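Participant: With the hints as your guide, set chain B onto chain A.
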Amino acid sequence: MKSIGRLVRALAGAGVVVAAAATLVSMVIVAYSVVMRYFFNHRTPWVDELVGYLLVASVMLAAADALFRGEHIAVDVLTERLVGRGRKIVALLGLASVAVIAALLTWEGVDMIAFSRMVDLRSNGYLAAPMWVPQLAVPIGAALLGVAAIVAFIAAWRAPPPTPESRDPSIAATDG
Amino acid sequence: MLFAAILVGLVLVLLTGVPVFAGLALFATAIVYAAEGNLGGMADLVFAKLDTYLLVAIPLFTLMAHFMIRGKVVDDLFGAAHTLLRHLPGGMGVAAVAACTVFAAISGSSVATALTIGSAAIPLMIRYGYSPRFAYGVVGGGGTLGILIPPSGPMVLFGVVADTSIGALFMAGVVPGLMLAGIFAVYCMTAARFSRHPIPKEPRATAAEVLAALRRAAWALALPVLVLGGMYFGVFTATEAAAAGAVGALAIAALVYRTLSLKDIWQASIDATRHSSMLFLILAAAAMLGNVLTKLRIPVQLVELVTTHGLSQTQFLLAVMAIVFILGMFLETISIILITTPVVLPVLAALHISPVWYGILLTINLELALITPPVGMNLFAIKAITRASIGEIIAGVVPYVGLLLLGLALVLAIPSIALWLPGTMNYR
Numbered sequence: 001m002k003s004i005g006r007l008v009r010a011l012a013g014a015g016v017v018v019a020a021a022a023t024l025v026s027m028v029i030v031a032y033s034v035v036m037r038y039f040f041n042h043r044t045p046w047v048d049e050l051v052g053y054l055l056v057a058s059v060m061l062a063a064a065d066a067l068f069r070g071e072h073i074a075v076d077v078l079t080e081r082l083v084g085r086g087r088k089i090v091a092l093l094g095l096a097s098v099a100v101i102a103a104l105l106t107w108e109g110v111d112m113i114a115f116s117r118m119v120d121l122r123s124n125g126y127l128a129a130p131m132w133v134p135q136l137a138v139p140i141g142a143a144l145l146g147v148a149a150i151v152a153f154i155a156a157w158r159a160p161p162p163t164p165e166s167r168d169p170s171i172a173a174t175d176g
Numbered sequence: 001m002l003f004a005a006i007l008v009g010l011v012l013v014l015l016t017g018v019p020v021f022a023g024l025a026l027f028a029t030a031i032v033y034a035a036e037g038n039l040g041g042m043a044d045l046v047f048a049k050l051d052t053y054l055l056v057a058i059p060l061f062t063l064m065a066h067f068m069i070r071g072k073v074v075d076d077l078f079g080a081a082h083t084l085l086r087h088l089p090g091g092m093g094v095a096a097v098a099a100c101t102v103f104a105a106i107s108g109s110s111v112a113t114a115l116t117i118g119s120a121a122i123p124l125m126i127r128y129g130y131s132p133r134f135a136y137g138v139v140g141g142g143g144t145l146g147i148l149i150p151p152s153g154p155m156v157l158f159g160v161v162a163d164t165s166i167g168a169l170f171m172a173g174v175v176p177g178l179m180l181a182g183i184f185a186v187y188c189m190t191a192a193r194f195s196r197h198p199i200p201k202e203p204r205a206t207a208a209e210v211l212a213a214l215r216r217a218a219w220a221l222a223l224p225v226l227v228l229g230g231m232y233f234g235v236f237t238a239t240e241a242a243a244a245g246a247v248g249a250l251a252i253a254a255l256v257y258r259t260l261s262l263k264d265i266w267q268a269s270i271d272a273t274r275h276s277s278m279l280f281l282i283l284a285a286a287a288m289l290g291n292v293l294t295k296l297r298i299p300v301q302l303v304e305l306v307t308t309h310g311l312s313q314t315q316f317l318l319a320v321m322a323i324v325f326i327l328g329m330f331l332e333t334i335s336i337i338l339i340t341t342p343v344v345l346p347v348l349a350a351l352h353i354s355p356v357w358y359g360i361l362l363t364i365n366l367e368l369a370l371i372t373p374p375v376g377m378n379l380f381a382i383k384a385i386t387r388a389s390i391g392e393i394i395a396g397v398v399p400y401v402g403l404l405l406l407g408l409a410l411v412l413a414i415p416s417i418a419l420w421l422p423g424t425m426n427y428r
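Chains A and B are the protein sequences, given in the same order.
Sequential numbering from 1 applies to the first sequence in the numbering used here.
Sequential numbering from 1 applies to the second sequence in the numbering used here.
Okay, chain A solo, but in the shape it has when bound (with noise of 0.2 Å):
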């Protein structure tokens, strides 16, 4: 069971790897189809496709990773003050959901592939690319999620009682 967990986490972090790397991707070639318009008179009709994909991937190749960080956003105002058990039925709840959602999303993911492959949906963009291949991120990375959530869900399940801990707003808050 501990190298399931080890596997898993290795994996998440083996998806946001790739996910930053699409996010610096992104930014070059954004910058880059700036340069060739600006200076050279260029169009580059391309990026804008490109950047979808680059964005779909990396949103969904991260999120297992976000989930093992506890990153993702809940509202605590009123399940901080829980101690031990209250505080552990909670965590336990958001674990639950996480799971449950991503199993529903990799279901659907792998269905919409096998649509888009059975009618070859091309994008309607200037790459004309075979939609399948963007469209893997979703139950790739939604499988992950789920799987993250399930390896989270047993290692909080196990651990004793969380103490009370204060929040920890990080300085790359894109919240607001």
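No lab work stands behind these hints, which were simulated from the structure alone.
Incorrect hints may appear among the rest.
[Stated by the list, open to error] Some chain B residues flagged as far from chain A (calculated, every beta-carbon gap over 12 Å): (1) Ala4; (2) Ala25; (3) Arg86; (4) Thr206; (5) Ala242; (6) Glu392; (7) Val401; (8) Leu405.
[Claimed, not checked] Part of the chain B face toward chain A, derived, beta carbon under 7 Å: (9) Glu240; (10) Pro374; (11) Val375.
Computed from a predicted model, the values in this text were never measured in an experiment.
Even for Gly, the Cβ is constructed at its ideal location relative to N, Cα and C.
Facilitator: What follows is chain B alone, placed relative to chain A:
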């Protein structure tokens, strides 16, 4: 009525403390399943929502701010502002507001603004004899400018959901942002003058000191000029501005300051990616909810309700602002934008309310959400820096709640405060 029931149900689900994206998605899926017996094409919705070129502006602007922070380019922003403004009454407070204003033009986040400026300004203000309460207030309140002064993460989200020009929204935030910064600064000077514990006035900076301060802050000031100027003059779109800004910040930190290692660059992109992943999963889940609301014809019903009662623009906006203010006490900004916008949008069109103007009103209201308890992310940000009691921090920000309400009222009464600047530009 159905919408009220759904809204209450949703808030109850979220209050159980489940991750927001999971709560929204499960809630929406349960309703679709009950109504139609299927999962509502969930995967297609998620893919279509995330496959959006405009959204990449958020991770790229985050990346830009990260490069500036990790490269220590913004470390001296408060110090430079202090040198320039210290001779004013309450000079350090005014300097904190000024530093927040400049940082807000680098970062799209209010929490990042409060954290970055606060960790430099608060300890120094307290050492110089300002009351802690005053210091918490000015950074908590001033920090909220992060989302009103462009770039702004919440404005990108609103622009995508409302199908409104992000460039226009950004430009519309500039004048209200500067106006609020001015109001905050005047408040600081007045409060310092009438304070029971007089704060020693500091001498005016010499010409040499002013020059040195400007030199230290020059690069931090140059980047927003590039990014916002480029957008204003139509050189690039918001997304392109984000990429250009990130590359520019990278160049400044790596080549001018030489303080950014490859490891920093990589860590910055991991952080930016993880945060936008979390954010956009909420966006995708909110799209499922929006889909359900549309299927239940709720936006249409709201339009009918508003038109049959003959509500005026102002009456409708006042009602929505009151609801957003109340939601803002309990929810964070992203959920509020994503839950309310799809429902409000058709009414805006029916009443001929400019979505850009509404976007600015919403953003000012979300600034309030950041400092109104029990859930106010800037309150937690200040607690994280200072370890002060949350009660003391709330007491500090109370005046800023009033000042932001004043700003909201002004922009509501005089729409051109927001709409003038985007009206003069040739945005793309």
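Participant: Each hint needs a verdict: does it hold in this structure or not?
Facilitator: Status of each hint after checking the structure:
The beta carbon of Ala4/B is kept farther than 12 Å from every beta carbon of chain A, the shortest such distance being approximately 19 Å. A beta-carbon of chain A comes within 12 Å of the beta-carbon of Ala25/B; the shortest separation is about 5 Å. For Arg86/B, the condition that its CB be more than 12 Å from all CB atoms of chain A holds, with the nearest at approximately 27 Å. With a minimum CB-CB distance of about 34 Å to chain A, Thr206/B clears the 12 Å threshold, and the non-interface call stands.
A Cβ of chain A approaches the Cβ of Ala242/B within 12 Å, the least distance being about 8 Å, so the stated non-interface status is violated. Every Cβ of chain A is farther than 12 Å from the Cβ of Glu392/B; the closest lies at roughly 15 Å, confirming the non-interface assignment. Listed as a non-interface residue, Val401/B keeps its Cβ farther than 12 Å from every Cβ of chain A; the least gap is roughly 16 Å. The Cβ of Leu405/B lies farther than 12 Å from every Cβ of chain A, with a closest approach of about 18 Å, so its non-interface assignment holds.
This hint holds: Glu240/B has a C-beta 5 Å from the nearest C-beta of chain A, less than the 7 Å allowed. Interface restraint check for Pro374/B: the shortest CB-CB distance to chain A comes to about 5 Å, inside 7 Å, so the restraint holds. A least Cβ separation of about 5 Å between Val375/B and chain A falls short of the 7 Å threshold, and the interface hint therefore holds.
When each numbered hint is compared with the structure, violations occur for hints 2 and 5.
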